[in-house]
Amino acid sequence: MSCIFFIYKRLECFSLSEIFSRRLKKKLKMDHLFKVMFLLVLFSIGNAEAKDCVEWSKTFKGLCSVQKCRDACISEGFTDGYCAFLRRYRRCSCSKPCLFNNYLP
Numbered sequence: 001m002s003c004i005f006f007i008y009k010r011l012e013c014f015s016l017s018e019i020f021s022r023r024l025k026k027k028l029k030m031d032h033l034f035k036v037m038f039l040l041v042l043f044s045i046g047n048a049e050a051k052d053c054v055e056w057s058k059t060f061k062g063l064c065s066v067q068k069c070r071d072a073c074i075s076e077g078f079t080d081g082y083c084a085f086l087r088r089y090r091r092c093s094c095s096k097p098c099l100f101n102n103y104l105p
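Numbering (my numbering), first residue to last: 1 to 105.
Just so you know, these hints were derived from the structure itself, not from any lab.
Model, not experiment: these values are computed from the prediction.
Fair warning: there could be bad hints in the mix.
[Said to hold, decoys possible] Derived CB-CB ranges, DEER-like:
{"#": "1", "residue 1": "S44", "residue 2": "V66", "range": "37 to 43 Å"}
{"#": "2", "residue 1": "L39", "residue 2": "R87", "range": "48 to 54 Å"}
{"#": "3", "residue 1": "D31", "residue 2": "T59", "range": "55 to 61 Å"}
{"#": "4", "residue 1": "F85", "residue 2": "L33", "range": "52 to 58 Å"}
{"#": "5", "residue 1": "F34", "residue 2": "S65", "range": "57 to 63 Å"}
{"#": "6", "residue 1": "L39", "residue 2": "K61", "range": "51 to 57 Å"}
{"#": "7", "residue 1": "D80", "residue 2": "S44", "range": "28 to 34 Å"}
Built from N, CA and C at the ideal position, the CB exists for glycine as well.
Based on the sequences and whatever the hints tell you, model everything.
Okay, structure coming up:
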């Protein structure tokens, strides 16, 4: 028989089988709680999408046309290019997948 003195000043005695069964029940409850929390976190995570890094073309000159802009961007190492408005002018902006989003200046 083991006796345990609790913080709230109460002495309780348990047999070893009671102590082990309580520990086992507590462990099973914690395992169950961990699994439930893990599933909640797993299902709350949204879809992961690749973000696009976008920069103005450094080599493109002249009036922006989609095909010329795309060709210039591909030659600079980007995957795509398109004409975007900057104030009143159309400029060539290039994009490629990246980990962090770069916004147009």
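Which numbered hints does this structure break? none
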